[in-house]
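Enquirer: Chains as they are written, first to last, in our numbering: chain A, 1 to 331; chain B, 1 to 334; chain C, 1 to 502; chain D, 1 to 320; chain E, 1 to 287.
Hints listed in this document are in silico derivations from the structure and should not be mistaken for laboratory results. Among the hints, a few may not be true.
Each computed BS3-like pair below joins lysine-lysine, with the alpha-carbon atoms no more than 25 angstroms apart [what the hints assert, rightly or not]:
id	chain 1	residue 1	chain 2	residue 2
1	D	3	B	61
2	B	82	D	60
3	D	60	C	185
4	A	212	B	266
5	D	86	C	171
6	E	112	B	61
7	B	261	A	212
8	A	96	E	186
9	E	22	A	133
10	D	3	A	33
11	D	123	B	85
12	B	121	D	86
13	D	123	C	108
14	A	87	E	22
15	A	96	E	112
16	A	214	B	261
17	A	95	E	186
18	E	112	A	87
19	D	86	C	108
20	D	60	C	388
21	C	171	D	55
22	D	128	B	126
23	B	61	D	128
24	A	91	E	192
25	D	55	B	61
26	A	127	E	186
27	D	123	B	17
28	D	3	E	112
29	B	82	A	281
30	A	214	B	74
31	B	121	D	232
32	E	112	B	20
33	E	22	B	17
34	E	112	D	128
35	A	33	E	112
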Amino acid sequence: MKTKSPFIKIDKISMWYPQKSKNLFMSIREERKWIKAVDQVSIELERGEILGVIGESGCGKSTLGKVLARLENPTNGDVYIDSVSTKELMKKDTKKFRRMVQIVFQNPFDTFTPRDTIEQILLRPLKIHGIGKTNAERREICIKALESGGLRPADEIMKRYPHELSGGQLQRISILRSMLFEPKFIIADEPVSMLDVSVRSEIINMLLTLSKEKNATVIFISHDIALTRYVSDKIAVMYLGKVVEYGDSDTIINNPKHPYTQALISNCSSIDPDEQREIIKIQGEPPTPVNPGPGCYFASRCFKASKECFQKYPAATEVSEGHIVACDRWY
Amino acid sequence: MNQLLEIKDFSVTYVNKSKKVYAVKNVNLKINKGDSLGIVGESGSGKSTLAMALLRLLPEKNTQITGKANFIGKDLVQLNQKELKNIRWNELAVVFQKSMNALSPVHRIGPQIEDIYRVHKPNASKEEIFSRITYLLRLVNLSERVYTLYPHELSGGMLQRVSIAISLVHNPKLLIMDEATTALDVVTQGQILDEIVKMEQTLDVTRIMITHDISVVAASCNKIAVMYAGEFMEIGYVKDVLKNPKHPYTRGLLSSFPSLKGEKLKLTGISGYLPNLSVKQEGCIFAPRCQHATEKCKQEKPLGVEMNENTVWCHLYSSGGELINEDQKPVYKD
Amino acid sequence: SGTSTETGGKESKSDKVLIVRSGGDPMSFNPDTIADDNAYAIVQNIFNRLVKLDASKQIIPDLAKDWEVSDDGLAITFHLKDNAKWHDGKPVTSKDVKYTFDTIKENKTYYFNSRLDIVNSIEVPDDHTVVFKLNDPDVSFIADLGWYATFILPEHVLNNGQSWEDNPASKEPIGSGPFKFSEFKQGVNISLIPNKDYHDGEPKLDKLVFSIIPDEQTAIQALINGEIDVYENVPSSSVDQMKANGKIRMALNEYPSPARIIFNLKNETLADVHLRKAIATAINKEEISKKVYNGVQVPEYSMYPSLIDWAANTEEVSPQFNIVEAKKILENAGYKKDANGFYVTGITLDVFEGSGYPDMANLMKATLAEAGIGIELKVSEFNAWNQKVSVERDFMIEMQGGFMGPDPAALAKRYGTGVGSNYGEYSNPKFDELTAKGAATGDQEMRAQYYKEAQTLLAEDLPFVPIVTYAGYDANNAAYVNLPIDGAGKWGWQEYTYTDIQ
Amino acid sequence: MKKYVTRRVFMGLLTIFVVFTINFIIIRLAPGDPISTIMGKDNDDPILRTALEEKYGFDKPMITQYAIYLKNALTGDLGISIIYNKEVMAMITERIVPTLLLVLTAAILAVIIGTLMGMYAAKNEGSKIDVIFSGAAYIFNSMPAFWLGLILIIIFSSVLGLLPSYGMINTRDAHTGFDYILDVIVHMVLPVCTLVLVEIPIYFRIAKSSILQVTNEDFIVTLRATGMSERKIFNKYILRNAILPTITIFGISLAYLITGVALIETVFAWPGTGSLMLTAINQRDYPTLMGIYLIMSISVAVVMVLVDIVYATFDPRIRF
Amino acid sequence: MLSVKKNTYATFKVINGDIQLKLGVFGILFLLLVGILSPILAPLDPYHYGQDILNGLGVNGHLLGTNHLGQDVFSMIIYGVRTSLMVAVISALISAVLGILIGGIAGYFGGKLDLIVSECINAFMMVPTFFLILLVIALFDNSITNVMIVIGLTTWPSNAKLIRAQALSLRERTFVKSAITMGESKTQILFKYIIPNGIFPVLANTTIGMSNAILTEAGLSFLGLGDPNVISWGQMIFMGKQYITSAWWIATFAGVAIVLTVTVFYLLGDGLNHVLNPKHSNGKGGE
Ligand SMILES: Nc1ncnc2c1ncn2[C@@H]1O[C@H](COP(=O)(O)OP(=O)(O)OP(=O)(O)O)[C@@H](O)[C@H]1O
Ligand SMILES: Nc1ncnc2c1ncn2[C@@H]1O[C@H](COP(=O)(O)OP(=O)(O)OP(=O)(O)O)[C@@H](O)[C@H]1O
Ligand SMILES: [Mg+2]
Ligand SMILES: [Mg+2]
């Protein structure tokens, strides 16, 4: 379609975990069962774009994040950044990959080892990657970064241990540390869900500003659909490891086509008490991602499901420019 | 008036080793029959402490409770164990957040509910209990199949529903739900909230909903109380408070929630961090983070200012409820 | 009657039951396959030998009423008692004797087998006469017939094509002794009942029980509590306490088995006789005797156990304790003190656990250190020690005990050139010659002469140093009389035929 | 559940096999052999030694010996004791009964008494009795059992003369029938007391701490909120949940006891496997040693597996 | 008033909670001191065989009497501290290092390796250890070094199990994940993040292991399998056993010394567990 290859190309990436068999010996005989945490996800992103990923708990959002950051090796598929295969890159130059791709985690209280001071925590990665020549130089870099993030007085904060700082401060440090590498691709996995509501906005705004500054591409994973809409340009809706709908964030929120997206958004309450809620009920609990299929994974809970839905996984359809739905009955 | 619960000058202090934590400080609150009150506040603001103290479930050895809590003519603070036993579950029931641990893992669900039912109706027949429970289970959208299952065989959403059903076995007058839907995902939460609202209409219970998510309150309550660092900032009808928040804290809080639809407004939030609850602080507790704070705010605790049926604890307003200084109209800088 | 049927229910209190402590389970009830200390006390009461040892470890008649040695020393003739019967009523004849020793001679794995190498043939002129034809003269052979694994076994029971070990008859032994086998409870006890037809008269007891109590302390408690009656060789530490107990009769029982240290003469350091002499001089035997054995086992200086007094040389003996002298010996021999005041270091002493040996070794280590001789102790469990010392011969000095009676011929078996038990590999042709002469002579005085001379050689060469004698008190319930210990010259050691309640 | 049990049994078998092999190697590598014992203390005849080695097959390569032994063991034939010339299996069966009698009685008494004490202490946490119990638990937990046994013998047997000091039955008066049982019980008192005293603290502590822990669980708070009586909460909910760690500990300590009781058996001259083992070690009675070890491993594995299964029936979360 | 009573109760509980650790720490310090200062504290050389045999308490200036060889019991008890501490520390060290490495590697690297190792650990947990130790010590050399090594080699599984569980949960912790994204290597992570953060339960377990080591050594000595070249309490009991009625002090005080020492280690272990148990350190981040 497009002539120019996209900046980031997630190409049919899958992460299947073997169903845990606790027995070494029996696992050999048993038929392998797979938890398809992420199943053939393909997304293309441009430089500086922000993609929001939403979906129920357990649908594979975090796994997708981990696979993209190569914290887990995907079972299948690859990611290309500027047409460079990250799989190859990982093999050849792991450190370079690490500098290119960074991830911000959900729980700031747990992002740093409790035994080191912030200074040690910040200096280590710089040393590993050979940024700055002397420790003094590296310290300078860190102090500058902290102050730019509003953490003042920086050298006082550097002396503290993680547990002596608040969640908001820690999350800022976490983001700032990731930015030290000037990454091209940032994955933010629910970066504010553990934080007090009142400090969330500042963190979000900081993340947005920094990534704009560095022109980095961001994947923003969240439970909070309203927040995702606020943050992102594009939204991908996941269900049991599959992306079921993808498009501009406003399109997805205002005009969802996939029955699951429709249910999700209708169930999402707003702070506006006047808003008329008309929730779409879907039956049952989300099934486990153990050997799902063969039909549409959502079919068993879908209010629109027909017989065919149970037989073949629906193909992705572009219903309007850049709005893709994996449903045969989206109309 | 059909007042159900009135809390006056209610304080809860944790005494741990040499350290004291003033978790709830001199709060006042009234709840009428049929109300559904949402208490919102950030983590650590004392919401759960308040609820647990009302239920008298805090370990007596390291907590101090003072003040009054009149509940259907009795002061919950002063009740002895026997009186408490009679009130519990019959009149006052609770649903906790951690539904995963809300039931004994080694007993089947049905017998556990039967035991709870028999606490107040020791002679109830099995059939009677069974019919009551299946009725309640259906009310929260569960099949009677769960009766014979163990807790670990249910999902979080189902357990939460079971907990809700259990809380209703004796038709309590007041039901406290502490973060009862927080751990659930959007779809399940939406559905359960919907079920709660409907069920309430059938069963006629008064409900206190504790949460940090204002949208939950917006969707399921008619009144809201905003709590900050152990104190109430603002109490009133959901419609008034959310549409027209008076307290600077409430405003800041609301501006931290982006809206799902409509215009994308810039999120602002509140700068600064929660105060240390181990230190007793003079003046308005929010003053250190408040951009309108005056010297007075730092020295004097604000008294509740009644406006219509809402109450605001803020020095910005006169006792009549007007802004004392129009310039100080709480707006937030961009 | 005669089989081992219980009388049912509780036995009447008036029954005379004697309970003897046993240190462990017997390995087998066939007394001739292996040498087993735990079984030894028991089988002596079930079987007879040609001759036996009395409480003073002298040879006395058993099945043989008398015996004679031919002039050339190549034939020994035993005359059997004619009224001896097996427990099943059949008479004991010389054929049984021949069968027994012939079988042992055929089986290399039987304990007495190699000792029978000296026997050319066994002849039975009549039912009550046995003649051993020897290849070489050896009078000590008679004494050996009174030791382990020489019990006469019934041919008519055992000669059924099966080996003794696998023979079911070995599990329920039939002997000719004063008691019959009744019951064996593994780990608990062995019960014997009296043989009413015993040729030396019916035993006085109604029941003889060997109760298995491995732990010494427990056994002492049991004796004090009256739960057992006989405890042979009580630990010396309890002697005083038991002597003070009116219900217990204590009797000293001595054995010709002195504790000794043996030098490995293949070791360069120890090949020097001066060093050996110095070591021998620096051992405080008095202290050891007093502290470790409470004075029960007394210092031994003779190179042959002084208990066998006719054969022991009490003039030419191992040196007296004298630290100054020991140092002088070393100085004179050219040894030099090192910085810590030691003339010699790095000598190891291998000791096995038990019998107070580690204590003894510790005391020796202390006095040797005073004399400037550095010793390191190596204590192992007996079997490991045995492997190291006797099989691998990997030691410098070792400490051991071991029976050296009742005949001084034992000297040759311990220190003769190339002999199996000569761990230190001592070799002195003169000594070999003297002991050979001693064995070939029937005349006791002559023999004493030869052996005393041999001991003089030992005292000079010091291939070993005797430390203390072996003796122990037998603690017995005072209510019983005619216990084995009382039988010197009259009945066998560990034999209960005449035991009775006062 | 079935799968679970199979898995556990399989693991148990594997363990036994591995342990068995290690054991074979250790025993065979050790210096000394049974031949010395058979030959007697004062015998060093090399011809006799070779003859005996041939007879028992020790001249064969170790691998061959192992293979032969393994093959026989699989068919239930543990061989014949070299020293006692008796079926190892028969010897062990004879001895294992007293050991089990001692161990099981002690373990069951200890678990009951200890748990009751723990329950009491947990209910009255911080009370004088709790402090006394806890203090005593530390002391007895730290006590070498053999030492305690000695002290008990001195007090109750020597000084007071109340109880027999050794063995399982009175040798002098051989009892039968009911008297026999009574006699055995009297003899069991001291060894059982020793074991019980050192085992109680284990159950006391685990019971107390798990009760205290369960008491803080959310579901207990919920049950309190329903107004259910503390008694019922305790008896039905706290206990049932708090018993789980006790089951596990019971298994572990029972397994430990089965093998660790050797010391006590020595002190009290108890005719069990422990003393048999010690003698077998000293005499290097290979078949007996291997047999005991095998049987012990099997007993331990069986206990562990049984306990796991019991645990699974108590805890529905285990069944998968 | 009511609250006063509550207050004292709370204080009592806290002290009760801490008192174990306090007693444990002071106890260990005391033992260490005694161990270091043995030559100064002991009135006599315990390896000296004096003329006073089986003296009673206080006789001839022997505070706790003498044994049959004329050694001063009090001095022996004092020197015995060294042996006990040495056995405790070295065997626990071996056990801890082995356990931490094996468990840490298995837990952190996971996968098939972990399956194999954890099955091995499970199997090892089923091994009757005392029996094994006894066997090895009886059959091979019973030097104190061997005793320590064998105890260490047979007790690591519990440590491995603990650290493996820690590693399993730590490797899912955010700070480990974030260390990976910072480009740290696997070994760096194992030694910098996993082991230091997961070591506390092992520490507490190790003190318990130390008490068990002391008891095991005593048990071996009691069976006559102790090292005669050093003075140990277990051996004193073994030796004193034959004098238990006539010279009760030999075995009795050694037994008391064992009980006290082992108790101190238990107290320390419990105290550590107590303090490290998250349930006791309430209060969220911040403050
Ligand atoms: N290491 C793993 N091994 C096996 N299964 C896993 C593993 N990690 C994740 N899963 C499974 O993969 C699925 C997706 O998990 P994931 O954490 O990505 O969900 P999520 O969308 O991030 O959920 P949440 O919103 O709760 O964070 C889940 O069913 C989970 O159980
Ligand atoms: N047992 C306790 N001892 C001491 N302080 C406590 C205890 N429990 C809670 N606190 C403190 O009391 C304050 C109020 O806690 P509480 O749990 O009531 O807050 P919350 O509003 O329910 O928060 P969340 O939204 O996180 O549930 C917090 O600062 C907390 O740290
Ligand atoms: Mg996630
Ligand atoms: Mg809460």
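Enquirer: Now look at each hint and say whether the structure bears it out.
Expert: Each hint, compared with the structure:
no., hint, result
1, D/3 <-> B/61, "violated (47 angstroms)"
2, B/82 <-> D/60, "violated (82 angstroms)"
3, D/60 <-> C/185, "violated (34 angstroms)"
4, A/212 <-> B/266, "holds (16 angstroms)"
5, D/86 <-> C/171, "holds (9 angstroms)"
6, E/112 <-> B/61, "violated (49 angstroms)"
7, B/261 <-> A/212, "holds (24 angstroms)"
8, A/96 <-> E/186, "holds (17 angstroms)"
9, E/22 <-> A/133, "violated (47 angstroms)"
10, D/3 <-> A/33, "holds (17 angstroms)"
11, D/123 <-> B/85, "holds (20 angstroms)"
12, B/121 <-> D/86, "violated (69 angstroms)"
13, D/123 <-> C/108, "violated (72 angstroms)"
14, A/87 <-> E/22, "violated (55 angstroms)"
15, A/96 <-> E/112, "violated (29 angstroms)"
16, A/214 <-> B/261, "violated (29 angstroms)"
17, A/95 <-> E/186, "holds (13 angstroms)"
18, E/112 <-> A/87, "holds (23 angstroms)"
19, D/86 <-> C/108, "holds (21 angstroms)"
20, D/60 <-> C/388, "holds (21 angstroms)"
21, C/171 <-> D/55, "holds (20 angstroms)"
22, D/128 <-> B/126, "violated (44 angstroms)"
23, B/61 <-> D/128, "holds (18 angstroms)"
24, A/91 <-> E/192, "holds (24 angstroms)"
25, D/55 <-> B/61, "violated (77 angstroms)"
26, A/127 <-> E/186, "holds (16 angstroms)"
27, D/123 <-> B/17, "holds (22 angstroms)"
28, D/3 <-> E/112, "holds (21 angstroms)"
29, B/82 <-> A/281, "violated (44 angstroms)"
30, A/214 <-> B/74, "violated (63 angstroms)"
31, B/121 <-> D/232, "holds (15 angstroms)"
32, E/112 <-> B/20, "violated (50 angstroms)"
33, E/22 <-> B/17, "holds (16 angstroms)"
34, E/112 <-> D/128, "violated (52 angstroms)"
35, A/33 <-> E/112, "holds (17 angstroms)"
Comparing the model with each numbered hint stated earlier shows that hints 1, 2, 3, 6, 9, 12, 13, 14, 15, 16, 22, 25, 29, 30, 32 and 34 do not hold.
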